[in-house]
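First to last, the protein sequences are chains A and B. Count along the first sequence starting at 1, add 788, and that's the number in my numbering. Count along the second sequence starting at 1, add 54, and that's the number in my numbering.
Check each hint, because a few of them may be wrong.
In silico DSBU-like links for lysine-lysine, alpha-carbon gap of 35 Å or less [what the hints assert, rightly or not]:
#  : chain 1 : residue 1 : chain 2 : residue 2
1  : B       : 251       : A       : 933
2  : B       : 732       : B       : 144
3  : B       : 199       : B       : 236
4  : A       : 902       : B       : 721
5  : B       : 247       : A       : 933
6  : B       : 380       : B       : 505
7  : A       : 933       : B       : 721
8  : B       : 359       : B       : 592
9  : B       : 380       : B       : 510
10 : B       : 530       : B       : 505
11 : B       : 254       : B       : 241
12 : B       : 241       : B       : 144
13 : B       : 109       : B       : 247
14 : A       : 902       : A       : 791
15 : A       : 902       : B       : 254
16 : B       : 254       : A       : 933
17 : B       : 467       : B       : 307
18 : B       : 293       : B       : 433
19 : B       : 251       : B       : 721
20 : B       : 109       : B       : 254
21 : A       : 933       : B       : 144
22 : B       : 199       : B       : 109
23 : B       : 732       : B       : 241
24 : A       : 791       : B       : 307
If you are wondering where the hints come from, they were derived from the structure by calculation, not from laboratory data.
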Amino acid sequence: MAKLTINGTVREVAVEADTPLLWVIREQLELTGTKFGCGMAQCGACTVHLDGRAQRSCVLPAARAVGHEITTIEGLARGDRLHPVQEAFIDQDVPQCGYCQCGQVMSAAALLAKQRNPTDADIDAAMSGNICRCGTYQRIRAAIKQAAGRMAGGVRS
Amino acid sequence: MMGRASRRDFLRTTALSGGILLAFRVPALAQSVPAAPGAMGAPDFAPNAFIRISKQNVVTILVNKSEMGQGVYTSLPMLIAEELEVELAKVRVVAAPVDVAYAHPQFGIQFTGGSMSIASEWERFRQAGATAREMLLSAAADTWKVDRATLRAENGRVLGPGGRSLTYGQLVDKARTVPVPKDVPLKDPSQFKIIGKPTKRLDSRVKVTGVATFGLDATVPGMLVALVARPPVFGGTVKQVSADRARAVRGVKHVLSVPSGVAVVADSFWAAKKGRDALEIEWEVPPASAVDTDALVVEYTRLAKTPGARVLRTGDVEAALGGAAKRLDADYDMPYLAHATMEPLNCLVRISPDRCEIWTGTQLQTVDQGNAARAAGLKPEQVEINTLFLGGGFGRRATPSSDFIVEAVHVAKGAGAPVKTIWTREDDLRGGYYRPMWHSAISAGLDGGGKPIAWKHTIVGQSIIEGTPFAGGFIKDGVDATSVEGAADLPYTVPAIAVDLHSPKSVVPVLWWRSVGHTHTGFVVESFLDELAQAAGKDPYQFRRELLSGHPRHLGVLDLAAQRSGWGTPPPAGQARGIAVHSSFGSWCAQVAEVSLSGNAIRVHRVVCAIDCGRAINPETIRAQMEGGIVFGLSAALYGQITIKEGRVQQTNFGDYPVLRMDAMPKVEVHIVPSTEKPSGIGEPGTPLMAAALCNALFALTGRRIRSLPLVRHGFESA
Numbered sequence: 789m790a791k792l793t794i795n796g797t798v799r800e801v802a803v804e805a806d807t808p809l810l811w812v813i814r815e816q817l818e819l820t821g822t823k824f825g826c827g828m829a830q831c832g833a834c835t836v837h838l839d840g841r842a843q844r845s846c847v848l849p850a851a852r853a854v855g856h857e858i859t860t861i862e863g864l865a866r867g868d869r870l871h872p873v874q875e876a877f878i879d880q881d882v883p884q885c886g887y888c889q890c891g892q893v894m895s896a897a898a899l900l901a902k903q904r905n906p907t908d909a910d911i912d913a914a915m916s917g918n919i920c921r922c923g924t925y926q927r928i929r930a931a932i933k934q935a936a937g938r939m940a941g942g943v944r945s
Numbered sequence: 055m056m057g058r059a060s061r062r063d064f065l066r067t068t069a070l071s072g073g074i075l076l077a078f079r080v081p082a083l084a085q086s087v088p089a090a091p092g093a094m095g096a097p098d099f100a101p102n103a104f105i106r107i108s109k110q111n112v113v114t115i116l117v118n119k120s121e122m123g124q125g126v127y128t129s130l131p132m133l134i135a136e137e138l139e140v141e142l143a144k145v146r147v148v149a150a151p152v153d154v155a156y157a158h159p160q161f162g163i164q165f166t167g168g169s170m171s172i173a174s175e176w177e178r179f180r181q182a183g184a185t186a187r188e189m190l191l192s193a194a195a196d197t198w199k200v201d202r203a204t205l206r207a208e209n210g211r212v213l214g215p216g217g218r219s220l221t222y223g224q225l226v227d228k229a230r231t232v233p234v235p236k237d238v239p240l241k242d243p244s245q246f247k248i249i250g251k252p253t254k255r256l257d258s259r260v261k262v263t264g265v266a267t268f269g270l271d272a273t274v275p276g277m278l279v280a281l282v283a284r285p286p287v288f289g290g291t292v293k294q295v296s297a298d299r300a301r302a303v304r305g306v307k308h309v310l311s312v313p314s315g316v317a318v319v320a321d322s323f324w325a326a327k328k329g330r331d332a333l334e335i336e337w338e339v340p341p342a343s344a345v346d347t348d349a350l351v352v353e354y355t356r357l358a359k360t361p362g363a364r365v366l367r368t369g370d371v372e373a374a375l376g377g378a379a380k381r382l383d384a385d386y387d388m389p390y391l392a393h394a395t396m397e398p399l400n401c402l403v404r405i406s407p408d409r410c411e412i413w414t415g416t417q418l419q420t421v422d423q424g425n426a427a428r429a430a431g432l433k434p435e436q437v438e439i440n441t442l443f444l445g446g447g448f449g450r451r452a453t454p455s456s457d458f459i460v461e462a463v464h465v466a467k468g469a470g471a472p473v474k475t476i477w478t479r480e481d482d483l484r485g486g487y488y489r490p491m492w493h494s495a496i497s498a499g500l501d502g503g504g505k506p507i508a509w510k511h512t513i514v515g516q517s518i519i520e521g522t523p524f525a526g527g528f529i530k531d532g533v534d535a536t537s538v539e540g541a542a543d544l545p546y547t548v549p550a551i552a553v554d555l556h557s558p559k560s561v562v563p564v565l566w567w568r569s570v571g572h573t574h575t576g577f578v579v580e581s582f583l584d585e586l587a588q589a590a591g592k593d594p595y596q597f598r599r600e601l602l603s604g605h606p607r608h609l610g611v612l613d614l615a616a617q618r619s620g621w622g623t624p625p626p627a628g629q630a631r632g633i634a635v636h637s638s639f640g641s642w643c644a645q646v647a648e649v650s651l652s653g654n655a656i657r658v659h660r661v662v663c664a665i666d667c668g669r670a671i672n673p674e675t676i677r678a679q680m681e682g683g684i685v686f687g688l689s690a691a692l693y694g695q696i697t698i699k700e701g702r703v704q705q706t707n708f709g710d711y712p713v714l715r716m717d718a719m720p721k722v723e724v725h726i727v728p729s730t731e732k733p734s735g736i737g738e739p740g741t742p743l744m745a746a747a748l749c750n751a752l753f754a755l756t757g758r759r760i761r762s763l764p765l766v767r768h769g770f771e772s773a
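So that you can see chain A by itself, here it is in the shape it has in the complex (with noise of 0.2 Å):
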């Protein structure tokens, strides 16, 4: 058994100490917006936060998420009200087939928890890792200035 903190509640599992932090989620959890799509952590589908930071479920062993903050895609919203990368990408029409959408609005909150107001290099840097196959970067991208600014304006604080 294991002890893990995920979106603010600490949850027991039973798992062998290297089963991917991504499997456990899904699978033990029932948390499925965290995606599988690589699992050698190349396209970002699993991407949730640990202590803030955007982190490849897929290859991260559970035994090591222990002790930390993990935030998935549900945990991402206060209640009702959607984090503003979320109700930006609805805004700019973002999602196509939406599987890789979770890890990339993940990927987007942890770019903009650190980075208030980032450059297009800093989103290329950022989102690289997360693979789109539908092709809505340009989107992505609008939609993180669209947060950007929105987070910037006090919407959000």
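Chain B: place on chain A using the hints.
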């Protein structure tokens, strides 16, 4: 241990803010919807297969096309909402079950593909909405005993004289007794309130909050997870297997022999994976499996020098070539490509003696139902398919063999428990069903004035259709129409044309890949046209214009893209422009790419895209599909290749099968040609031109002509 799954996963509806109710999570509900009783026990108003209205005033639209990113869960409901007079944001959208009522009107099966969802449903969905509206009006007239002509439908209500008003929900009982009228007149387009307006997707919220259910997310009580060890070569089989070590892995429940390989069934993905890694399998590798793609290029090149099946003959091409002032000959090569959908393949199956339930993302429900029934030993009507969101399709989930579904049925049958079979990324990339390798030998002759007088094109590549249930409809006189689409219908004025086709066979499974035959013909024809323009000493845009008389819609997009890109004005410093125009899936598209080169590093800065897809239903979706089609084409042009040595696929994951990422994304500008013509395809037409526009720009930049893809094979990299 697997999680505590429950029915609530399938019965949960998602109430969203602002009163919007979406029900993308309720495929199980969809199964019960066609039957008359509603969810609350009171019968719904069910005027046809596509609409249900409950007494609680909830309008449910059953969509028969799979949502794989192309926006059908928004654009198809728009068609019904327009005629039904309901607010789009308030409708519930659910996936239709498999039923003949949802089949394509011409093809007779339920599927999503060929960029034809809007085209095939344009009339039927509006008719469905209009019919329901008329029945509700009749119900209100009967309720109020007033002349029907005095009533109108608006925003989910029927309004009558003296301020009378009833919601659709209040009219359900009466409406159910109204005979279904035939051929209800449809709105004049000038009255459209929804169709043609840029409309945001209805499924964005569930997709950015993690609520949307994809195949990978499906669970049922007692579900196990399987991974399958498949042969290392196509056509290989299991000779001998030792499963002791696999069975010793904690969590592994079964090791099963299935037709496609050896399945390890466990209580979690990780246990199944460790179990599979521990299998010791000796494979039987037949000689035909020893495919080598380098050798195939040589073989295809040789084959192209011999006559193939006749596709097209206009005039005497050999005589015209012989009499030409200038003759050009070129060979073009394109590799196998994987679809590489973001969601690796997966399929959940639950079997009982008289029923087989399937949860997956598929594009080919009717065929899957038949194939699954055969594998399960049941009748097709005993197979229920719950279509979930597809994490990308691009053709991979429209497999005539239903490979990933049939396999999952065998696994669940063998395990005697519900099993979700999951493919890893490596399984997905190496598991076949690729865009075929293509070779083109192409020759043309120009007269003294630089006008093309002869065009000879010999195409070599595996047939996608052969051996599938679709062969009868698509293969004629040895020609698979999908192999030559875009080449057999050359729009350019050339008096003598010959097109031939060779369809060599291989153990490598092939499949449609976003834009199918156009993926290669669009590149070859539009690159070679550029070669001719250069040989004629003409501007590539003007050269095309001169040869496109009688093709106004080609000219329309070509002119629009040229104009908006600033063709004819100097490009930004260090950049060059390339242009291409191509018609596919009933639409016309032109693209101009602005490209620079720094050392070997290619940068595509901007792509200007013009699209004529007839009447625009949702301009927002059209723009998104052009952006996506361009990125898909650009990924393939820059890096896409599946290579095979000694029968083994060499690529494994996104590290060696790279795709475009954020840092290489060009600025994409989409311009839609205003049109009142019938709506046509948008999912695929953006893809086939990108490689040509890019390589034509590279030629303008460097004088170097690229005739094979991907560009990384030529020493280029992506900046």
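Here is how each hint holds up against the structure:
no.: 1; hint: B/251 / A/933; in the structure: holds, 25 Å
no.: 2; hint: B/732 / B/144; in the structure: holds, 27 Å
no.: 3; hint: B/199 / B/236; in the structure: holds, 23 Å
no.: 4; hint: A/902 / B/721; in the structure: holds, 26 Å
no.: 5; hint: B/247 / A/933; in the structure: holds, 31 Å
no.: 6; hint: B/380 / B/505; in the structure: holds, 10 Å
no.: 7; hint: A/933 / B/721; in the structure: holds, 15 Å
no.: 8; hint: B/359 / B/592; in the structure: holds, 30 Å
no.: 9; hint: B/380 / B/510; in the structure: holds, 14 Å
no.: 10; hint: B/530 / B/505; in the structure: holds, 32 Å
no.: 11; hint: B/254 / B/241; in the structure: holds, 23 Å
no.: 12; hint: B/241 / B/144; in the structure: holds, 21 Å
no.: 13; hint: B/109 / B/247; in the structure: holds, 26 Å
no.: 14; hint: A/902 / A/791; in the structure: holds, 28 Å
no.: 15; hint: A/902 / B/254; in the structure: holds, 30 Å
no.: 16; hint: B/254 / A/933; in the structure: holds, 19 Å
no.: 17; hint: B/467 / B/307; in the structure: holds, 14 Å
no.: 18; hint: B/293 / B/433; in the structure: holds, 32 Å
no.: 19; hint: B/251 / B/721; in the structure: holds, 24 Å
no.: 20; hint: B/109 / B/254; in the structure: holds, 28 Å
no.: 21; hint: A/933 / B/144; in the structure: holds, 29 Å
no.: 22; hint: B/199 / B/109; in the structure: holds, 21 Å
no.: 23; hint: B/732 / B/241; in the structure: holds, 15 Å
no.: 24; hint: A/791 / B/307; in the structure: holds, 26 Å
Checked against the numbered hints above, the structure breaks none of them.
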